[in-house]
Amino acid sequence: MKNFILLAIFAVAFTSCKEKVKQLSETSAEVEKVIEIDTTDEWVSLFDGTSLDKWRGYLTDSMYPEWTIDDGAMLFTPGEDGGKNIITKETYTNFELSLEWKISEGGNSGIFWSVFEDPKFSEAYQTGPEIQVLDNERHPDALANPKYHQAGALYDLVQPEHDVCKPAGEWNLCVVKVNHKTNKGSITLNGTEIVSFPVHGEEWDAMVENSKFKGWEGFGTHQTGHIGLQDHGNKVWFKDIKIKEL
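Residue numbers (full-length UniProt numbering): 1 to 246.
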């Protein structure tokens, strides 16, 4: 009789334990689902096709009129004067930036990061490293120095491992990662990682020393700065710009 009572107690306890494990599993699944949803929310839109509010001109509080919205894309149309680079209103240190770009025939532009804004630097490229935006088939930069100046290159610093750029007039998806915590940066173009590099330290300094930027005060020295888009005198489009802080 005592054995029967003990077995009954054990059965009840075991059933109760199974129910708790089941509930815990269901709760864990729900937590995982929530975490998955939260991860997608880490992306912040910098341009959704409807507003330029998160951007302004370099060295000015207003937006240059050469930058407009055209069919959901940010369009730069060159004017009589150059130097109409734009930057984000916010600054970033460790991030993943995703955007699509389309260049006009024979065109040239660029994407900057870590731009340090100061009147003594008249151009964003004087402090911010650049990811090249280019018509590889026609622009002289790609023909004269294809290794370090073609589309997707870390301009004059690191050459792309692959040429996966689409022709002028077609959209290219570019993802830029910069992480000072791991000292790693990378550029992915149209789904292929084509460039990787250190973002500070001796290796970075050596790359700069062997480039056209040797001796440039402030170039690539600021870990925190603005994201920038370049006026290089040619029509260029950008769309679906978003950023995730790392």
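In short, the hints are calculated from the structure, not lab data. Idealized CB from N, CA, C, for every residue including glycine. Errors might be hidden in some of the hints.
Only pairs whose alpha carbons sit at most 27 Å apart, straight line, appear in this in silico BS3-like list of lysine-lysine [what the hints assert, rightly or not]: (1) K54 <-> K214; (2) K177 <-> K166; (3) K244 <-> K184; (4) K214 <-> K181; (5) K89 <-> K147; (6) K235 <-> K181; (7) K54 <-> K244; (8) K214 <-> K166.
Label-pair ranges, simulated between beta-carbon atoms [claimed, not checked]: (9) G82 <-> K181: 35 to 41 Å; (10) P167 <-> L75: 14 to 20 Å; (11) K120 <-> D71: 19 to 25 Å; (12) P65 <-> T192: 33 to 39 Å; (13) G218 <-> G191: 18 to 24 Å; (14) K120 <-> E90: 30 to 36 Å; (15) L52 <-> G191: 25 to 31 Å; (16) T68 <-> E193: 21 to 27 Å; (17) P119 <-> Q223: 34 to 40 Å; (18) E105 <-> E193: 33 to 39 Å; (19) L52 <-> P119: 35 to 41 Å; (20) P65 <-> E203: 20 to 26 Å.
Status of each hint after checking the structure:
1. K54 <-> K214: With Cα atoms ~32 Å apart, K54 and K214 exceed 27 Å; violated.
2. K177 <-> K166: holds, 21 Å
3. K244 <-> K184: At roughly 16 Å apart (the allowed maximum being 27 Å), K184 and K244 satisfy the hint.
4. K214 <-> K181: holds, 25 Å
5. K89 <-> K147: Since the Cα atoms of K89 and K147 sit roughly 33 Å apart, the hinted pair is violated (cutoff 27 Å).
6. K235 <-> K181: violated, 36 Å
7. K54 <-> K244: Measuring from Cα to Cα gives roughly 15 Å; hence the hint holds.
8. K214 <-> K166: Violated - the C-alpha atoms of K166 and K214 are around 31 Å apart, more than 27 Å.
9. G82 <-> K181: 35 to 41 Å: Hint holds: Cβ distance 36 Å, inside 35 to 41 Å.
10. P167 <-> L75: 14 to 20 Å: holds, 18 Å
11. K120 <-> D71: 19 to 25 Å: About 38 Å separates the Cβ atoms of K120 and D71, which means 19 to 25 Å is violated.
12. P65 <-> T192: 33 to 39 Å: The hint (33 to 39 Å, Cβ to Cβ) holds, given that P65 and T192 are roughly 36 Å apart.
13. G218 <-> G191: 18 to 24 Å: 34 Å Cβ-Cβ, so the 18 to 24 Å window is violated.
14. K120 <-> E90: 30 to 36 Å: violated, 22 Å
15. L52 <-> G191: 25 to 31 Å: holds, 28 Å
16. T68 <-> E193: 21 to 27 Å: violated, 32 Å
17. P119 <-> Q223: 34 to 40 Å: Because 21 Å falls outside the window, the suggested range is violated.
18. E105 <-> E193: 33 to 39 Å: Given a distance of about 27 Å, which is not inside 33 to 39 Å, the answer is violated.
19. L52 <-> P119: 35 to 41 Å: violated, 23 Å
20. P65 <-> E203: 20 to 26 Å: violated, 41 Å
When the structure is compared with the earlier hints, violations turn up for hints 1, 5, 6, 8, 11, 13, 14, 16, 17, 18, 19 and 20 and for no others.
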